[in-house]
Amino acid sequence: MTTFLWVIVVLIGVSLLGFLYRLVKGPTTPDRVIALDAIGVGLIALIGLISILFDTGFFLEVILLLAVLSFIGTVAFSKFTEKGEIIQRDRNS
Amino acid sequence: MSLVFAIFTPVIAALLIPLLYKRVSAIHTGWFVLLIPVALVSLYATYIPPIIDGTTYKDELPWIPSLGLSFISYLDGLSLLFSLLITGIGALVVLYSIFYLDKKKEKLGNFYVYLLLFMSAMLGVVQSDHLISLYFFWELTSISSFLLIGYWYTKDRSRFGALKSMMITVFGGLMMLGGFVILGILGDTYSIRELIAQAPDLVDHKFFVWALVLVLLGAFTKSAQFPFYIWLPDAMEAPTPVSAYLHSATMVKAGLYLVARFTPIFALSEVWVWLVTGIGILTLLWGSFFAVKQTDLKAILAFSTVSQLGLIMSLLGIGSIAYHVTGDLVTTFTFATFAAIFHLMNHATFKGSLFMIAGIVDHETGTRDIRKLGGLMSLMPISFTIALIGSLSMAGVPPFNGFLSKEMFLDAVLNLKNFDLHALDSWWILFPIIAWIASVFTFVYSLYFVFHTFRGKHKPEQLPKAAHEAPVGMLLSPGILASLVVIIFFVPNFFGNTFIKPAVAAIQPLAYQVPADVGFTIKAWHGFDSLAMYMTLGVFLVGYLLFKTIPKWSPIYKTFPTKLSLNGMYDGLMRLGDSGANRFSSIYMTGSIRSYFVYMFTAIIVLLGGTMWIKDAFVISYENLAPIRFFEILISIILIVGTITILVTKSRLTAIIALGAVGYTVALFYILFKAPDLALTQLVIETVSVALFLGAFYHLPQMNKHEKGKEDRGFRLGNFLIALGVGVMVTLIAISSHSQKLIPSISEYYKETVYSEAGGGNIVNVILVDYRGFDTLFEISVLTIASLGIIGMITLRLAKKKGDRKVENK
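Residue numbers (the working numbering), protein chains in the order written: chain H, 7 to 99; chain D, -7 to 802.
Since the hints were made in silico from the structure, they are not lab data.
Heads up, a few of these hints could be off.
Which residues of chain H face chain D? A few of them, derived with a C-beta cut under 7 Å, are [said to hold, decoys possible]:
#1 I18
#2 G19
#3 L26
#4 T35
#5 P36
#6 R38
#7 L42
#8 I56
#9 G63
#10 F64
#11 V74
#12 L75
#13 V81
Please read all numbers here as calculations on a predicted model, not as lab measurements.
Glycine included, every Cβ here is placed at the ideal spot set by N, Cα and C.
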């Protein structure tokens, strides 16, 4: 079981590296934002695995938080790439 | 009345002067002031008879007892003579100033406050037995002299002269303080009395010569010796009573007093003998030579003062030889000390009167330029008589007191032949020759001063005012001084016994126990076998010839380049200090934060690295290391890749995203190292920071503002090396500190007591709010301040800058 978990950890690590490559390479900003979002998901999975491996429940809060933040972050980035700003003053525009 | 109180009397009186000046405007303020020096001179006169018998007086006022600091008034022959000079001439100067300074046009309140402050300071200098209180009064004379020179503060020349004298004398004063401190440490006492007692033990100490040179610097700057005399001619912008008082009779003699006072301590060193004698005789020659060049009456007198001070200084130097000889030679050389004090007294009388005459001429004709003056003899007969007496005394002509002291000076210099230290046998002859040449020039400028002013053709068209005799009150003070000049010539031994001998006994305590032991008598006639007499005759002859031919040889002064003169050097030095400091700070203070970071990081590398290297503190130990897991390697790689991305990326947005990735990876590290609270906080904070970066992104300039369109920061080798150095440095320090842990961690205590003592399960949170809740409190304060600051920055826009880019969120 442990071996299986470690294999998954490695796989997720490799995929994280792949996301990171996309993050670095681009070529456009949306590519990078998607990469960051995917990294967030990867991290969630990774933390879940680590919790199992370490046999602890303390990190489950982190998973929740990461999920929320990842969502908020992606939305913020998207809004930024679309409109150039995150919080609008003029709500009618 | 206690002696310390007497010192402070003028200052206390000075407090009342502005009141009297404002309230009692009908009477010239000077009349009230006059009472103080008169009272003091009568007080000090009562001490004369006991001092002649060899008694000394000491009075002490504790100042800071825990540091052993007190005002000590010590009255012996030397300080009594100076105190009498200060108060006596002070009284005459105040009397003169009453008629010299106009009641309505001048700010008399200021003048007399400064003058009284100066009088206290001078009395303090000459009576202090404590080195630090001596320094205190010494600086007080510098400050009050600065105020007095700059009395007409609307004139540029006055301010320049005041600043120059301040710079030079305060420089010397600070050097002197250094010397005093060294002396105080060597002797373990600040009392001059006690230092004199243990001087033979101090003389071999390696810092003794330092103390000697530093104290001499103070004396030389104050007494306008070569090359520090340059402030004195510029101080002539002061009102004439000030010039007469400070710059002829009292303050410039503070340096002489210092040399005389410290002779029993320092004269044991030969350095002292040669420095004092050599600089003195050089100053004598230099000052007398350049006095003839001057065209301003007071400038002539200033250079003459410089030269005469040099004469006294060299005599004090010759007098200190007495500490190096034995037998009859002691008497031979103490004679020089006797001559020095005698000339010091004589100089105060005739130079004071001459300054006052120069002031009268200025007052009555409106100019001090000797080229415009002439033929005043018949218009101002009394002034002429006084000037003639003063000048001839200065030149060393009988029957005036200058003759006596000048003869004694030549005698003393000739006595150098008896001193055979350091193969002086062939070099000693230089001193009489220089002294003789200087005496010739003294003779020339003395005649030049009096005859070019009062004889020759009267040029009324060049004078701003029609010349006429001064009022009686103005002539009173110079008249008294001039009559003293004559009286001293006829009864020199009365003055010698009363004033000079106690002073000599104070300067040469080894040779004389009480003043009565000093066995010198002053003779006007030495007989035909005296070499000094023939030298004097030669001075008269050559001096008269030179005086008659001044126009023929005066052009040699023009060959002397201004740039190489000492004044030129002073100006150059001041300019260099000013512009040099400016240039220096503009080199390294570029205003660019980049260069300041370079300094700071270089300092980290050099200081930390240097300290570690010197202390040999680099240790790498492989003990206590945890095994490295695959996972950690993976995250580290991500971290490194993210960091490098931030560094090399060409777009700022990429940098922000990569920074976010790094932040998240750090959170992952926290998880890996089992710190859930940190990971939670790190994630939230990282997200917020990235959002803030993005919020600011729109308003940020391009990455390299110098190259628009090309968002490349470029590569700088220097920056790269510094960054690399700091990184390597921090890594090495971290490894070294981990490798040599000296103290065990205290965390065991927390682990054991977290539930039993604090009642919590989460150890991190318990530490934050319970064990070490104070830190948390102030972290909360930091966040509060930061948020308030942000609100303030955004909403408060008090000053609208011109050309400010309008920030509009669209």
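Problem - H/G19 as an interface hint toward chain D, with CB separation required under 7 Å - result: holds (4 Å)
Problem - Restraint satisfaction for H/L42 [CB to CB of chain D, less than 7 Å] - result: Constraint on H/L42 satisfied, holds at 6 Å.
Handout entry: Supplied contact hint for H/I18, tested at 7 Å Cβ to chain D
Key = Given a least distance of 9 Å, the restraint on H/I18 is violated.
Problem - Minimum beta-carbon distance criterion (7 Å), H/V74 to chain D - result: violated (9 Å)
Problem - Satisfaction of the H/F64 interface hint, Cβ to chain D closer than 7 Å - result: Since chain D brings a Cβ to about 4 Å from H/F64, closer than 7 Å, the hint holds.
Exercise for the section: Grab the minimum C-beta distance from H/G63 to chain D and call the hint holds if it beats 7 Å, violated otherwise. Expected result: This interface hint is violated because 10 Å lies over the 7 Å limit.
Problem - Supplied contact hint for H/I56, tested at 7 Å Cβ to chain D - result: holds (6 Å)
Problem - Hint status (Cβ of H/P36 to nearest Cβ of chain D, threshold 7 Å) - result: Result: violated, 11 Å to nearest chain D Cβ.
Handout entry: Residue hint H/R38, partner chain D, criterion CB-CB below 7 Å
Key = holds (5 Å)
Handout entry: Restraint outcome when H/L26 is required to lie within 7 Å of chain D by C-beta distance
Key = holds (6 Å)
Problem - Interface hint for H/V81, Cβ within 7 Å of any Cβ on chain D - result: violated (11 Å)
Exercise for the section: Closer than 7 Å between Cβ atoms is the bar; does H/T35 clear it against chain D? Give me holds or violated. Expected result: holds (6 Å)
Hints 1, 5, 9, 11 and 13 from the earlier list are contradicted by this structure; the remaining hints agree with it.
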